[in-house]
Amino acid sequence: MTVRLSVFCGFLGSGKTTFLRHQVRLGALGSAALIINEAAEAPVDPALLPDHAVRVLSGGCVCCSALDALMTLLAQMAAQGTKQIVLETSGLADPGPIRAALSRPDSPVLLGEVVTVVDALHGLATLQGEPLARAQVIGADALILSKLDAADAKDVAVLVATLRQMNPGAPLFGAVKGAEVPVPDDALALPVMFEADPTDGPIAAFTLPLGAQPDWTAISLWVAGMLHARGGQVLRMKAVVRTPAGRLLLQTVRQTIQTPEILPDLPDDSDNRLVVIGRGLTQADLASSLRRFTHAGVGPTLGLRGR
Amino acid sequence: MCSICEFRAARHVLTEAGAATPLDLAQARRRSVAVLGDVMQSLGVSVSAAPGGALRLRRADGVEALVADTDAVWHACEALLGAAFDPLHI
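The listed protein sequences correspond, in order, to chains A and B.
Those letters in the first sequence? Residues 1 to 307, by my numbering.
Those letters in the second sequence? Residues 1001 to 1090, by my numbering.
Just chain A, with the same shape it has in the complex (with noise of 0.2 Å):
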């Protein structure tokens, strides 16, 4: 029996994992399996999905490092008599090398469609940035338009030129978290024109520990001080972090701090690991500048510690 292969692909930040907890809320996903890859070691989207079953494969992306591994794993899916399936890619995947190996005849899979979701709010600057973003639309058989509601109407519009002109046959959607909204008319405005790609050197993920009791006041700080200074080599930011308040969902995209969720209070032994990804960072530096805010003050028993 066929298996199809649905992939999701989308910069850092895109809202790749939003739109897909919202349509298995709304049961569009209904028995698809889901797979989640995500480049750092310690995975924090498979605790955004807790209502479903979720195959995770980490520290590595299935367009290099980790294709092998998500072969084997779909072998194994088809082989368990797995129908359809929803691969949620890192953000830093590459469409391209992911679709020429499901289209090899030993292909386990049949590949349904390639979707690729772009942020409203920062797509243009990830565009003009990120080579690899640019790749992620141009490989896409769909767009999907995200946070429309969060970006400048001009903006929007200008984005959604320069996306019909870089891949002119995908069709475009318009998304709120996970319900589809119009997309807006761009009749006006200019696609804008890349320049060559940038040299700034390879993005890496480091996964940095919090404790088990995190001290989540210092944490937030540092995370408010460091997209600060560095927000342009900082892409993203992620952590599950155990409070008095529940299970906090931190998140940045670029120099956006997105207003922290409560997640359900499930075991899960990702939490507490805060999950930094950009460039031109080193894992020695990041802890060490980490710890000089927790470790700051009068010690401990001020601090607002987890539970």
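Derived from the structure by calculation, the hints contain no laboratory data.
Do not take every clue at face value.
[Claimed, not checked] Cβ pair distances, simulated, as ranges:
1) B/Ser1046 - A/Ala69: 48 to 58 Å
2) A/Gln255 - B/His1089: 12 to 22 Å
3) B/Ala1009 - A/Ala142: 29 to 39 Å
4) B/Gly1062 - A/Pro209: 34 to 44 Å
5) A/Gly169 - B/Ser1042: 24 to 34 Å
6) A/His295 - B/Gly1044: 14 to 24 Å
7) B/Gly1053 - A/Thr282: 31 to 41 Å
8) B/His1012 - A/Pro105: 19 to 29 Å
9) B/Gly1053 - A/Gly27: 41 to 51 Å
10) A/Asp68 - B/Ala1020: 37 to 47 Å
11) B/Gly1053 - A/Asp185: 38 to 48 Å
12) A/Cys64 - B/Ala1020: 36 to 46 Å
13) A/Asp149 - B/Ala1020: 23 to 33 Å
14) B/Ala1049 - A/Asp185: 46 to 56 Å
Using N, Cα and C, we set each Cβ at its ideal position, and we do this for glycine too.
Start from chain A and add chain B according to the hints.
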């Protein structure tokens, strides 16, 4: 709360999002001042709490800046220092 997935939004002020009780909230506010005070002291700027949740930043020569909340503290610190604030270089 999100109407679809029913995840609740935490407190809007980022540094206070982990607070569950009024006591937690007071601790978070004291902790913010303590952390910023310690970190910025090494740069020559002291930090203290001001009425209404505001923060007072003070340079050694007495020049001060009053900011409404922690969101504004980085720019104020840089204005007092005349240099960029960088957590990786503290």
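Tested hints:
1. B/Ser1046 and A/Ala69 have their C-beta atoms about 52 Å apart, which keeps the hinted 48 to 58 Å range intact.
2. Under the hint 12 to 22 Å, the C-beta atoms of A/Gln255 and B/His1089, about 19 Å apart, fit the expected range.
3. For B/Ala1009 and A/Ala142, the Cβ-Cβ distance of about 30 Å falls inside the hinted range of 29 to 39 Å, so the restraint holds.
4. At roughly 41 Å, the beta carbons of B/Gly1062 and A/Pro209 sit within the given window of 34 to 44 Å.
5. At about 56 Å, the CB distance of A/Gly169 to B/Ser1042 disagrees with the hint of 24 to 34 Å.
6. The hinted window of 14 to 24 Å between A/His295 and B/Gly1044 holds, with their beta carbons roughly 20 Å apart.
7. For the pair B/Gly1053 and A/Thr282, the supplied restraint of 31 to 41 Å holds, since their beta-carbon distance comes to about 35 Å.
8. Checked against the given bound of 19 to 29 Å, the beta carbons of B/His1012 and A/Pro105, roughly 54 Å apart, lie outside it.
9. Checked against the hint of 41 to 51 Å, the C-beta distance between B/Gly1053 and A/Gly27 comes to roughly 43 Å, which is consistent with it.
10. One distance hint, 37 to 47 Å for the beta-carbon pair A/Asp68 and B/Ala1020, holds here, with the actual separation near 45 Å.
11. Distance hint check for B/Gly1053 and A/Asp185: the Cβ-Cβ separation is about 43 Å, which falls inside the suggested range of 38 to 48 Å.
12. For A/Cys64 and B/Ala1020, the Cβ-Cβ distance of about 43 Å falls inside the hinted range of 36 to 46 Å, so the restraint holds.
13. Roughly 29 Å separates the CB atoms of A/Asp149 and B/Ala1020, a value that falls within the hinted 23 to 33 Å.
14. Separated by about 49 Å at the C-beta atoms, B/Ala1049 and A/Asp185 satisfy the suggested range of 46 to 56 Å.
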